[in-house]
Amino acid sequence: MAFRLAFAAALLCAGIAVAQEIPPGERRSGTDFMSAETRAIQADDGSNPGMLWVLQGESLWKEPAGASRRSCASCHGEAATSMRDVAARYPAFDTASGAPVDLAGKIDQCRTTRQHAAGLPRESEELLGLSTYVGHQSRGLPIAPPDDPRLHAARAEGKRLFETRMGQLDLSCSSCHDANWRGRLGGSAVTQAHPTGYPIYRLEWQAVGSLQRRMRGCMVGVRAEPFAYGSAEFIALELYLAERAAGLALETPAVRP
Amino acid sequence: MSRTLVSVPKTAKVGEVIDIRAMIAHPMETGYRMGPNGQAIPRKIIRHFACEYDGEEVFSAEFHPAVSANPFVAFSTVATKSGALTFRWTDDDGKVETASAEIAVS
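Line by line, the protein sequences give chains A and B.
Just so it is clear: in the first sequence, position 254 is 254 by UniProt numbering, and no numbers are missing.
Just so it is clear: in the second sequence, position 52 is 52 by UniProt numbering, and no numbers are missing.
Take these hints with a grain of salt, some might be off.
What the hints assert, rightly or not - Subject to a maximum C-alpha distance of 25 Å in a straight line, what follows is the list of computed DMTMM-like cross-link-like pairs (lysine to aspartate or glutamate):
| id | chain 1 | residue 1 | chain 2 | residue 2 |
| --- | --- | --- | --- | --- |
| 1 | B | K95 | A | E126 |
| 2 | B | K10 | A | E58 |
| 3 | B | K13 | A | D44 |
| 4 | B | K10 | A | D44 |
| 5 | A | K62 | B | E97 |
| 6 | B | K44 | A | E125 |
| 7 | B | K44 | A | E123 |
| 8 | B | K44 | A | E204 |
Everything labelled a hint here was simulated from the structure, so no lab data went into it.
Input sequences plus hints: build the corresponding full structure.
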């Protein structure tokens, strides 16, 4: 009897562990899972609170900073043309550091090495404003992760992390977002976890936050030790998530419940 | 940095009911929360919001601690003449944030 129970438990675990990836035709943005009211907030720029961060990012874009007294616009010009589609292809490989870098990390790097200004801490209002502004320039464009062979190892690591069980609840990202995305958890839709609208305005936060903040929230939820902001693990996960969501349109700044 | 977003129709006909929306970036800190080490986070909210249409107040509201961060207000008024709509948010310290938008009425 004990043997049979153990066998059934092992089967059950295996059933969850080999969760199938979502076929491309069934990929859906988090917007599809939201209530009509929340979708209406996002759809109208006059009511989408994420636009407040876009406005802040726009003014920071033009504001000279650091010892160079140059602004983002001094080199990049109009963001509407120079930053179009940039967010759709990040994270990308950074030759200077020899590692993949996410959009927020790239902005911070530009800030310190080109503008010679103080770095922008993760989740600071300035970095969120600039990331949201840059991300906003790609709104409506499909996520297009670069096919750079130097990214393959990190992307594979991201897939491994996505499928690794962690925390006291012993769940992987995949346990919910691949295997049970049709379900609900505590009244909320589980969703497919596609990073289509980051940085997002989350009603629960009453503020804009990054994809890494969102992932840390999930990690705390399964009672795992969250990775640090800007860590290689998070960038690997972002790389895998971008590939997993390839082709879905960006919505930055998205509103989420 | 003041961050406000107001939405007013650019044009309207005399007597038309127009929808107006105004939003401001503000933490609306209730004063009831604890920060790290159990220290109380001081209250910081917007107390009063008012909208003037060509010098005449057409809408005002009092805010309280239960109002969310980045408060969003939507209301309507009747278009009477061309002019500026000015919006004023006054917070606990008496600091005033303003925004304005023009409307052409024909």
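Checked hints:
Restraint check: the Cα-Cα separation between K95 (chain B) and E126 (chain A) comes to about 22 Å, which is no more than 25 Å; the hinted pair holds. Restraint check for K10 (chain B) and E58 (chain A): the C-alpha separation of about 23 Å stays at or below 25 Å, so the hint holds. Restraint check: the Cα-Cα separation between K13 (chain B) and D44 (chain A) comes to about 23 Å, which is no more than 25 Å; the hinted pair holds. With a CA separation close to 17 Å, the supplied pair K10 (chain B) and D44 (chain A) stays within the 25 Å bound.
Distance check on the hinted pair: K62 (chain A) and E97 (chain B) sit about 22 Å apart at the alpha-carbon level, within 25 Å; holds. With a C-alpha separation of about 18 Å, the suggested pairing of K44 (chain B) with E125 (chain A) holds against the 25 Å cut-off. The suggested pairing of K44 (chain B) with E123 (chain A) holds, with an alpha-carbon distance near 21 Å, which does not exceed 25 Å. Taken as a hint, the K44 (chain B) and E204 (chain A) pair is honoured in the structure, with Cα atoms around 19 Å apart against an allowance of 25 Å.
Every hint, counting from the list given before, is met by this structure.
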